[in-house]
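Please construct the entire structure, taking both the sequences and the accompanying hints into account.
For the record, the sequence lines run as chains A and B. Numbering-wise (the working numbering), the first sequence opens with residue 11 and increments by one. Numbering-wise (the working numbering), the second sequence opens with residue 11 and increments by one.
You may find that some hints are simply not true.
Since the list gives no way to pick one copy over another, a pair counts as held whenever it fits inside one copy or between any two copies.
In the DSS-like style, the derived pairs of lysine-lysine whose C-alpha atoms are separated by at most 30 Å in a straight line are [stated by the list, open to error]: (1) 342 <-> 305; (2) 73 <-> 305; (3) 163 <-> 305; (4) 163 <-> 181.
Keep in mind that the hints were calculated from the coordinates and are not lab data.
2 protein chains.
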Amino acid sequence: MSDVLLTLDEVHKLVVDALRANGCNSENAAAVADTIRAAERDNCASHGIFRLPGYIASLQSGKVNGAASPVVRQLSPGVIQADGGGGFAPLALQQSRSALAEAARNNGIAALALINVHHFAALWAEVEPLAASGLVTMAFTTYKPAVVPFGAKDPLYGTNPMCFGWPRGDKPPMVFDQASAAMARGEVMIAARDGEMLPPGVGIDSDGLPTTNPSEILDGGALLAFGGHKGSAIALMIELLVAGLTGQDFSFEAAVTDNNDGGPPNGGELMLAIDPSRFGDSEGWLAHAETLFEKLNVMEGARLPGDRRYSSREENEANGISIPASLHETCKGFLT
Amino acid sequence: MSDVLLTLDEVHKLVVDALRANGCNSENAAAVADTIRAAERDNCASHGIFRLPGYIASLQSGKVNGAASPVVRQLSPGVIQADGGGGFAPLALQQSRSALAEAARNNGIAALALINVHHFAALWAEVEPLAASGLVTMAFTTYKPAVVPFGAKDPLYGTNPMCFGWPRGDKPPMVFDQASAAMARGEVMIAARDGEMLPPGVGIDSDGLPTTNPSEILDGGALLAFGGHKGSAIALMIELLVAGLTGQDFSFEAAVTDNNDGGPPNGGELMLAIDPSRFGDSEGWLAHAETLFEKLNVMEGARLPGDRRYSSREENEANGISIPASLHETCKGFLT
Numbered sequence: 011m012s013d014v015l016l017t018l019d020e021v022h023k024l025v026v027d028a029l030r031a032n033g034c035n036s037e038n039a040a041a042v043a044d045t046i047r048a049a050e051r052d053n054c055a056s057h058g059i060f061r062l063p064g065y066i067a068s069l070q071s072g073k074v075n076g077a078a079s080p081v082v083r084q085l086s087p088g089v090i091q092a093d094g095g096g097g098f099a100p101l102a103l104q105q106s107r108s109a110l111a112e113a114a115r116n117n118g119i120a121a122l123a124l125i126n127v128h129h130f131a132a133l134w135a136e137v138e139p140l141a142a143s144g145l146v147t148m149a150f151t152t153y154k155p156a157v158v159p160f161g162a163k164d165p166l167y168g169t170n171p172m173c174f175g176w177p178r179g180d181k182p183p184m185v186f187d188q189a190s191a192a193m194a195r196g197e198v199m200i201a202a203r204d205g206e207m208l209p210p211g212v213g214i215d216s217d218g219l220p221t222t223n224p225s226e227i228l229d230g231g232a233l234l235a236f237g238g239h240k241g242s243a244i245a246l247m248i249e250l251l252v253a254g255l256t257g258q259d260f261s262f263e264a265a266v267t268d269n270n271d272g273g274p275p276n277g278g279e280l281m282l283a284i285d286p287s288r289f290g291d292s293e294g295w296l297a298h299a300e301t302l303f304e305k306l307n308v309m310e311g312a313r314l315p316g317d318r319r320y321s322s323r324e325e326n327e328a329n330g331i332s333i334p335a336s337l338h339e340t341c342k343g344f345l346t
Numbered sequence: 011m012s013d014v015l016l017t018l019d020e021v022h023k024l025v026v027d028a029l030r031a032n033g034c035n036s037e038n039a040a041a042v043a044d045t046i047r048a049a050e051r052d053n054c055a056s057h058g059i060f061r062l063p064g065y066i067a068s069l070q071s072g073k074v075n076g077a078a079s080p081v082v083r084q085l086s087p088g089v090i091q092a093d094g095g096g097g098f099a100p101l102a103l104q105q106s107r108s109a110l111a112e113a114a115r116n117n118g119i120a121a122l123a124l125i126n127v128h129h130f131a132a133l134w135a136e137v138e139p140l141a142a143s144g145l146v147t148m149a150f151t152t153y154k155p156a157v158v159p160f161g162a163k164d165p166l167y168g169t170n171p172m173c174f175g176w177p178r179g180d181k182p183p184m185v186f187d188q189a190s191a192a193m194a195r196g197e198v199m200i201a202a203r204d205g206e207m208l209p210p211g212v213g214i215d216s217d218g219l220p221t222t223n224p225s226e227i228l229d230g231g232a233l234l235a236f237g238g239h240k241g242s243a244i245a246l247m248i249e250l251l252v253a254g255l256t257g258q259d260f261s262f263e264a265a266v267t268d269n270n271d272g273g274p275p276n277g278g279e280l281m282l283a284i285d286p287s288r289f290g291d292s293e294g295w296l297a298h299a300e301t302l303f304e305k306l307n308v309m310e311g312a313r314l315p316g317d318r319r320y321s322s323r324e325e326n327e328a329n330g331i332s333i334p335a336s337l338h339e340t341c342k343g344f345l346t
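Structure representation (structure tokens):
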């Protein structure tokens with residue numbers, strides 16, 4: 011199967027057109043397309059146009075409101091709430107970002123509780139604009155049960171990513187974004203296809219026993235959290251920060267109400283923004299952190315987390331990206 | 011070697027007397043003794059009276075000011091700074107806790123930047139009082155280089171614990187406290203003594219190669235972060251949140267200035283406190299979170315993180331705890 015070359019603006023237009031043809035208004039379509047464009051620009055195919063069929067499915071099933079109008083409220087001096095009205099998350103995030111930033115600059119720290127949204131994008135794309143504007147930023151979201159609590163045999167926690175961004179002045183911010191699952195399900199599927207064994211700690215079989223055989227994980231088994239009981243505790247923390255704090259569904263609750271159309275369930279997200287200039291080292295903090303990054307950069311074999319994403323950005327903006335021809339055909343099919 | 015039985019109040023008095031005989035004033039001595047008493051009460055011997063020789067050493071060397079008077083300032087509506095004045099951390103924490111709680115209740119979220127302190131205690135003992143008062147609480151601190159960044163061969167990050175507390179109304183809060191290192195150095199030493207191999211992912215040998223031999227880790231090797239690159243990213247995040255934000259030493263900087271007397275280096279700590287009643291689900295959040303804990307509690311093999319600490323509390327309060335006679339002799343030696 012051959013690949014199709016698209017400029018990033020062509021990616022954006024294809025996504026906007028497909029979403030609009032399936033019930034999105036132009037604002038919501040553009041916001042989703044922005045996140046897909048950013049993913050393709052940074053070679054993150056798993057959050058790129060590959061996700062369009064899922065977005066479309068959840069519009070076609072009526073689960074997601076493609077014409078949702080987010081409502082942004084200030085619940086307290088340091089807490090912004092954005093009610094996405096049952097739409098996709100990106101528009102609610104775009105419309106509440108400035109309120110979160112303003113609250114963080116006024117108070118030193120602030121939180122954004124995103125509710126009633128369907129989240130299907132990468133957190134790094136949401137954290138990067140705030141970190142680039144000088145705010146230390148964290149984000150957390152849940153999903154449906156996919157990760158087994160340490161010691162148990164059945165999934166309870168979502169894949170539950172967390173994301174952290176640190177501003178670097180004129181340089182792109184340091185942003186890492188990592189799931190609580192030890193490995194993405196797609197990677198396990200690739201290992202099964204290729205007949206390769208996995209490292210220990212990735213999953214369990216249908217009896218709840220540890221296995222390094224990817225087929226046993228996929229066939230009635232389940233994924234573990236990264237790092238044993240410590241990653242499991244982080245997955246629990248994310249359930250509490252996202253759903254516990256904001257009144258949204260825990261992953262296990264989202265699974266009960268979701269229609270399994272292939273798109274994202276309804277849920278929430280929590281973002282925290284911190285203004286480093288309000289913490290007592292307003293002159294020095296930026297240069298100080300660079301001394302740590304410099305230490306890391308000169309260590310053989312080490313790498314600044316998230317750095318790889320930036321490496322292809324310029325080239326992809328100039329030359330475009332390629333997607334599988336079959337995916338391109340599928341996406342074009344959404345236009346009519 | 012036999013053990014010596016002490017009531018928890020005897021532990022507290024022994025610690026106070028030893029610290030006062032070595033330069034602590036009564037306020038600082040009592041604050042440190044509170045954290046040691048809490049550790050012994052919860053069967054956390056590694057942060058209990060076992061640490062007293064380190065505290066004493068850093069008083070005797072003059073590194074720590076045993077008569078420090080913390081200064082608490084509000085840097086912005088959501089940011090409290092507590093300057094420990096070169097003393098141990100516990101007094102600065104005790105004196106700034108109410109300011110952090112008040113800022114969190116006023117704003118919904120607030121931060122405490124603890125600076126110029128010597129931190130040698132467990133974070134859970136600091137988080138629990140705030141979580142018990144109804145605030146979601148997080149804490150982070152650094153140390154000296156002990157953990158190798160993912161892919162590198164030499165330590166750069168501290169053991170870098172993070173702690174998270176969730177209020178549970180009348181029940182004790184859910185509090186977990188975990189180091190960024192895959193395993194405590196003491197546990198590696200015990201495995202070496204017993205001739206046991208370690209699981210993969212704990213450490214590297216002196217050539218920077220992965221090893222499961224504890225002796226190779228101790229003999230010029232180093233500890234890895236838990237969970238591979240994801241735990242390593244969390245260790246980096248903690249360096250930035252603690253030292254980057256507050257202007258305190260990164261772990262690699264603390265190692266340069268520390269006198270290696272066996273006590274803790276000078277450094278900082280970051281605490282975050284969140285008032286869940288300000289996030290839009292003020293009526294329901296407490297009961298909602300209990301539904302998740304209930305799901306976890308009925309899963310065979312699973313356990314609520316931190317639960318084990320509470321199990322022995324009542325018995326130890328009633329019957330006291332035992333410490334090695336040699337340690338007791340050492341501690342009594344500090345009294346004269």
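Hint-by-hint comparison with the structure:
1. 342 <-> 305: neither (48 Å within a copy, 43 Å between copies)
2. 73 <-> 305: between (48 Å within a copy, 26 Å between copies)
3. 163 <-> 305: Only across copies: residue 163 and residue 305 sit 13 Å apart there, 41 Å inside one copy, limit 30 Å.
4. 163 <-> 181: Answer is between: at 27 Å across copies they meet the 30 Å cutoff, but 44 Å inside does not.
Going through the hint list in order, the structure does not satisfy hint 1, though it satisfies all others.
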